[in-house]
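Could you slot chain B onto chain A? The hints should help.
2 protein chains.
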Amino acid sequence: MNQNKHNPRRQFLKSTAAAAIGAAALTIPAQAKAKPAKKEPFIRKNATILLQGDSITDAGRNRKRGDIANDPRHLGTGYAFNIAARLLSDRPNDNLKFFNRGNSGWKVPQLADSWDRNCIAIKPDVLSIMIGVNDYWHTVAFGRKFKGTVKTYERDYRALLKRTVKELPGIKLLICEPYALRCGKHVNDSWFPTFDQYRAVSKKMADEFGALFVPFQSMFEKASKDTPLDFWARDGIHPSGPGAQLMALEWLKVVNAG
Amino acid sequence: MNQNKHNPRRQFLKSTAAAAIGAAALTIPAQAKAKPAKKEPFIRKNATILLQGDSITDAGRNRKRGDIANDPRHLGTGYAFNIAARLLSDRPNDNLKFFNRGNSGWKVPQLADSWDRNCIAIKPDVLSIMIGVNDYWHTVAFGRKFKGTVKTYERDYRALLKRTVKELPGIKLLICEPYALRCGKHVNDSWFPTFDQYRAVSKKMADEFGALFVPFQSMFEKASKDTPLDFWARDGIHPSGPGAQLMALEWLKVVNAG
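If you're matching them up, the sequences are chains A and B in order. Residue 1 is where the first sequence starts when you use the working numbering, and the numbers rise one by one after that. Residue 1 is where the second sequence starts when you use the working numbering, and the numbers rise one by one after that.
Be aware that one or more of the hints could be misleading.
The list treats identical chains as interchangeable, and a pair is accepted whether it falls inside one copy or across any two copies.
List time: in silico SDA-like cross-link candidates among lysine to any residue, alpha-carbon distance up to 25 Å [to be verified]:
id	residue 1	residue 2
1	Lys64	Gly105
2	Lys225	Asn95
3	Lys222	Gly143
4	Lys38	Asp226
5	Lys253	Asp90
6	Lys185	Val140
7	Lys166	Gly210
8	Lys253	Asn93
9	Lys39	Asn62
10	Lys222	Asp71
11	Lys45	Pro228
12	Lys97	Cys183
13	Lys97	Asn70
14	Lys225	Ile122
15	Lys45	Thr227
16	Lys39	Ile171
17	Lys45	Ala223
18	Lys64	Arg234
19	Lys145	Asp94
None of these hints come from the bench; they were simulated from the model.
Extracted from the complex, chain A is given alone in its bound form (with noise of 0.2 Å):
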C-alpha cells in the first residue's frame, strides 16, 4: 500500500525536476522542492509503552518499583532496559513512559489471568508481547502438570489480543518472536520441528492484528554466523547482556520502520 502511494509522488518529482532541468531554471519550484509529509512515528509522544512477556523480559525486575514509569531497577536488566535507556535519552522531551510487566515462567494462561491488572489498566498506546517459549517448554519440563499444545497457544494468544484490541481501541501492536537456540543446557535436538510450531503462530498473529513482527529467531541465527549462540544466550533461552542488546536493536529496527 505504501508503495502505490508513493510512486505517484515519486513519478512527480522526477517530472518536475526534468522540466526544471530543461528550462535551466535557477530556482527550484517549490512543489519539488518540499519534502514528503513527515510519517507519524510508531511511538508517538506521551505514549504509554508496556512490554509483556516471560522471563526474558522480566530479566530480575524490582517489582517494589512496578508503578514508577521508566525507573531503571523496575525495567530490570533485559531488552526493555535497553529499549527504553535508548528512547529516553534519544527522545528526552517526548514524555515517553516505560512499564515491563515481565514474568519468569509465565506462558499465554498467565498473562491472560493476569491481564486486566497488567495491561488493561496500565492502558498503554503500544503494547510489545514476547510469549511463547515457556508454552512450549512446559509441555516438556512440566508435561504431565500443564497440557498445552500449539493449538491451545494459538486459540488463547489469539483471544487475548482479541480482548486487548477490542479493550484499547488504537492500541499499537509489537508481536515478538518466541526463539530457541540450539546451544546450552535447555534446548536441544528434540525441541525442532514443533517449537517451530510455535514461532509460525506469533507471526500468524502478528499479521491478523496488524502488529508489527519483531524476528528473534532468525536475529539471533544471523549473528551467529560470526558469535556463537551462547555468547548471545548461555542456556539458548535466556538472553546474555549482549543478547538483550541485540534484541533491543532489532526491536527498535522494526519499529523505526513501522
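For chain B alone, coordinates are given in the frame of chain A:
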C-alpha cells in the same frame, strides 16, 4: 602531538593527488591510496574493563554475581550496564570482560581500603573511576563524623592512582568527573563553588596520570538546555535511566576519541 604527527601526511597526500591530476594519471599511486595506519583502540581485544565508583556506578548491582564478567545483573542498571551492553554487542568476538565494583556511599578512602580486592586482584586493562560526590556530600551530611576536605580528596585520590599504576603497569585509566545538578532534594546553592573544586581535582588527576577524562558535569548542563535537569537525575545526583544512558554515550565518545 597528534596534530604534528598527522599534518605532514595530509600534506603529502595533497601533493601526491595534485601530481596525479597534473599528469592525468588514471591510476592513483599506491602510497596515496594507503590509508593511515589504524589506531589501536583504547579498549583492546581481550581487555578486562573495571568500573569503579559509588552508588552511581553501583546502580543496584547484584553482588552475588560479582565474579561473573558481563553478567547483566552484576552490572546493575546504570551507565556500567549501558556501556557493557553497547560494547559487547558491537564487538562480540573481542572477548571483552566487564566488571562493576561500584559501592553505594563510597568515597576515596573506602576505595583505598578495598583496592587490593576490588581492583588489583581483578587485574583490569582498563579502569574507569567515578568518585568524589560523596567526598563532598558527606562533609555536609555527616559533617561531624567525616572530616574530609578537598585537600584530603586530592591527596588520597592521587595516592590511589599512584598505587594503581605502580601495581598494574600499562593500565589505561578513565577518570569520570563527579557531578551535581541543581535540582531535586540533595543539591542546593550551598554546594557551590566548593563542590566545583572536587570536579577540578578529578580533572587534575586525569591530567597528572594521562587518563581520559569524561566531563559529566558539562554534559548534563548541555543536555539541560533542552530538557530539565531533573529528567536526567531527579535528585540531582543519581541518574535516571536516560541519564545513565547519556553518561554511557559520553563515556563511549571519550573512549572512541581516546
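Taking the numbered hints from earlier one at a time, note which ones the structure violates and give those numbers from smallest to largest. Result: hints 3, 9, 14, 19 break, sorted rising.
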